[in-house]
Amino acid sequence: MTGLETDIAHFLAGTMVLVSFLLLYQDRMFALLNAFAFHACVLALSVGWQAYLQRAPHLFITALIALLFKGVVIPVALHRIVVRLGIHRTIEAVVSIGPTMLVGMGLVGLSIVVMLPVTQAAGAFVREDLAFALSVVLLGFLMMVTRRNAVSQVIGFMSLENGLVLAATGARGMPLVVEISVGFSVLIAFFVVGIFLFRIRERFDTVDLQALEMSRGESA
Amino acid sequence: MIRNWLTQLAHAALVLGLAPLLTGVTRKIKARFLRRRGPSVVQPYRDLLKLIRKETVVAESASWLFRFIPYLIFATTWVAAALVPTFATGLAFGAAADLIVIVALLGTARFLLALAGLDVGTSFGGIGSSREMMFATLAEPAMLMVMFTLSLFAGSTELSSISAYMVGAGAVLSISLALALVALIIVSIGENARIPVDNPATHLELTMVHEAMILEYSGRHLAVIEAAAFLKLLLYLSLIACVFTPWGTASVGAGAVAYAVGFAAYLVKLGMLAFLLVLFETAIAKMRVFRVPELLGVALMLGLLGTILLFVSRVSR
Amino acid sequence: MSPLLLNQLAASGVAWLLIWAVVALVVVRGPRTSQLIYGACALICAVLAGLGACALFTPGAGANALELPVGLPLGRTLLGLDPLSAAFATIINIAGTIVSGYAVGYGTHAREPRRVVPLYPAFIAGMNLVLLAQDAFSFLIGWEFMSLASWALVVSDHHSADSRRAGLIYLVMATAGALNLLFAFGLLAGHSEGYAFSDMRRAAGSTMGAVVLLLTLVGAGSKAGLVPLHAWLPLAHPAAPSHVSALMSGIMTKVAVYGFIRIVFDLAGPPAWWWSIPVLVVAALTAFLGVLYALMEHDLKRLLAYHTVENIGIIFIGLGLALAFRASGLAAAGALALIAAIFHVFNHSLFKSLLFLGSGAVLNSTGERDMEHLGGLIHRMPVTAVAFLGGCIAISALPPFNGFVSEWLTFQAILLSPQLPQWIPRLLVPAVGATLACSAALAATCFVKAFGMTFLGRPRTSTAAEARETDRWSVGAMLIFAALCLLAGVFPGVVMDALAPVSRMLLGTELAPQLTQPWLRIVPIAPERSAYNGVLVFGMIAIAAAVTALVVRRFASHAMRRSPAWDCGFPDASPATQYTAGSFAQPIRRVFGSAVFRARERVEMPKPGDTSTAKAYIEVHDTLWEVLYAPVIRVVDATTERLNRLQFLTIRNYLTLVFTALVLLLIVVGIAR
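Chains as they are written, first to last, in this note's numbering: chain L, 129 to 348; chain F, -6 to 310; chain W, 15 to 687.
Hints are computed from structural coordinates only; laboratory data are not their basis.
Hints may be right or wrong, so weigh each one.
A short, non-exhaustive set of chain F residues, derived as facing chain W with CB atoms under 10 Å [unchecked claim]:
1. Ala3
2. Arg20
3. Ile22
4. Phe26
5. Gly31
6. Pro32
7. Ala68
8. Leu98
9. Asp112
10. Pro189
11. Asn192
12. Thr195
13. Gly212
14. Gly290
Cβ atoms here follow ideal geometry from the backbone N, Cα and C, with glycine treated the same way.
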């Protein structure tokens, strides 16, 4: 592996961390869905590049699945759901943007501090990708914790999923059967959540997990 | 030695001469995007000449500081702009061209400008000064983080060394550099009072930060301050050009041909950057004032993330 | 000059200060006698500063400490100037001289000179005694003496309830701090034969080192003003008279820094790698919170006091970095960080004293400390304004003044952090760097506000409109400080070379000599890595400004006229429409204050038809006080209430208590045997 190739892999993994931060920053529903689609595309690129580097053709299929399902199908479907439910308001976060970003930085630092010394045996290149993948997972968790809207929590869960896929491909590559089962479980989760959202919406006429507040943009 | 000095002086005069032209070109491109014809590209020179020849009107409550400050602002901005390599690196004062010094010189200019805004004792100046300093509290750390990333790459905080390293290292595709570039772009937009942070074309209280501070200036004082603003835009675009697109820059003592090539490359880079700036400005709307700290905070986070990721990948030395 | 002679002269200097304190007690009656005492103090401080400078350049300065026949039976009393003491003595006494010069003019306005003048030389004597001490007891005696003298000065205005409260809080926290230092010295002396510093150095082991570090951080840190132990500082520093505030803020805090450096770098032995982490975290928090607190203030002296907290944070960031580098064996980087920290100590003593003296001049002329009642003073007090402006630019770390140089050096030290082997400090340091940069920008905001509200704009009250320039002693002292700030910024190599013996003594290595660099630039590590040329930057700015002014003058129209300010068609002569301190800080309050201070703004509008004015309220909570201090005060109050019952017991109860204590002690002795 030449320096340029490792640099590109590194670059794509780092971009995933960056897009996770971008997901945290969004507070409008459609922009959030677009950002998630971007997240999945970067994941697909990253997995595809790993497939090329490791000469593992089955990873190409993983990349294709990620691109199709998480990059196209799920965002479009969620888009439809959002329009149907009429919840394209701003997302109210529990904690304001500044502290959320600071905690996110801390999580990235934490994953670096944890991952790098622990995986001394593996090569430097693999360890760095693992550190990035753990960061993406933690940031997905953070997103689930700091959002009140059910759809944005689903997105957080999906981005966590993406981080796990990144970790799996970076480490040694995943056999296709594992990917298929993971993909199907994601689909099932998605269906369940979708049905759930409709039920909640019918019951309570809102999917906002807090009572409706009339605040408008001023975060004080 | 003497030639080195002369090159440096020529460079200082060059940035001063080019700055209004850059602003003229930017305004022309913007007008074209908005389907207007726009003023001529040399209009800023004419504006400066017109202002110099006008009578200066000074408010009754203004002090001697009000009349001194324009020259100090211009001097610090010019010195900072003269230190950024444009067509050649390693000039005579290159040893003093420390990135931190350049940013701090711009900080001095900003400090004095904020004082000028408060001097007359009206609320317009107060608006501009307070908002400008608030933007600075986030833009300066973001700039510093960008500098850390760059100096960790190049092992030095001197711009000439950083530029030389970027040329020498070839296509170093690193996420930290990309993050640093994005952060630097956001900071440049904030510092130069471009959309989405501030609108350089209007004089309404709601949209002005920079314009509010210089509201009371007129005549030759205003000419000097406007020239300083032109220089600041040139400085930031030159900074982005010399660090992130260093190809074509001559090294010192390379001879007249290399200098000419470097100069041509510099003009091309400036033109492209101006085009991209205008494209971005036209595509986006101005942000509400209290969303700008979020944007600058994002720049700070990106810079910090870039530095931390650089520690991870051990490219630093 | 031989080291022993230097030590003797320095000790006699301290003795002379004490003698003058006693003389002042007897003699002081009015302005003339006050001037005499202050003048004498200025002379003695100048001599001590000179001695300190001599000691810095005398090799082997710390060798022969002067042994006094007086003292406690447990140990010897040793006084001497080793390089660390000498550096701090020079710094402190330079500032002391100039402040005493200021006091010659300012002190004549004191209401009750008998309460202030005798304590002033005593205060300076206490500080110098701490620096001269070469054994633990003299150190602590000097420390307590310094605290008591400054406490008495804080409560000198005993009519004001604020001063009394400030004095109480100060006394409690100073005592608590000194107790921590006592324990720290006790731990250090436990392993060694005696209480002299030389004995402690020989026996330095790192088992107790962590506890000593934490005790010193609390003890010296509370005196220096580290968050969260800073609460006394913004109450006590403004309550004292202005020249004393300058001493307390600009100098006494530095003595606390000296105490920290002495114990942690000199006596506690080789540091462990994690020692720097608490120091860095506390220092970064201090820097950030200090300046935010300062931004919320509109009392000029309280703003300056809170800002001292920020600068102490910056100094301790440098010290933390030096600890980290030293623990990893990177001696050169450690020397850089240490020099940066001590350079900032010097700079801060200069510009903070200058700013406090300026606020004293303003207070003298207008009777006001509140910026909301000032304004337009640049027209009435032009020379004070120039000196104050110099101080503001210096403290905002802007070139070509000195504040920038120490910040630049600190940033260079931060840039060396990738060499650290451990991950946590390596990741922590960039975050600390970002906090430092943010604090520097916030400091610039703070001083635009301070200078702009006080000196610029239009006068907000009639007292501000009728102010007059202060006397020439005060003005002269302030101008000397401002000139020193500029000189230290343009010739930083001089200061860096002067501090080299300190880093040689503490870390065993020093930076390359700076005065031999071409063009008088400073090169902390290597020329290709980074260099700063103060002379060049200053020269270029001056030349550029002159050239521009000349060209513009030559080609521009000379016509100028005065007219009313732009009012958008609504002429309003009232100066109340201009920005106030609260309104200037509003964006910062919105962005940072809503999280840190729970700052809220609220407007009460009158009902339609009601002709009364609308009122705007700004609510700012001191979160640290409410979370840390208020519960502690409540607990202490409740406990003392309970314990008060011990006052009212019968004789039989007391006998029972004594008997129980005796029996317990005998049991302990029995078990221990």
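Which of the listed hints are broken here? 1, 2, 3, 4, 5, 6, 10, 11 and 12
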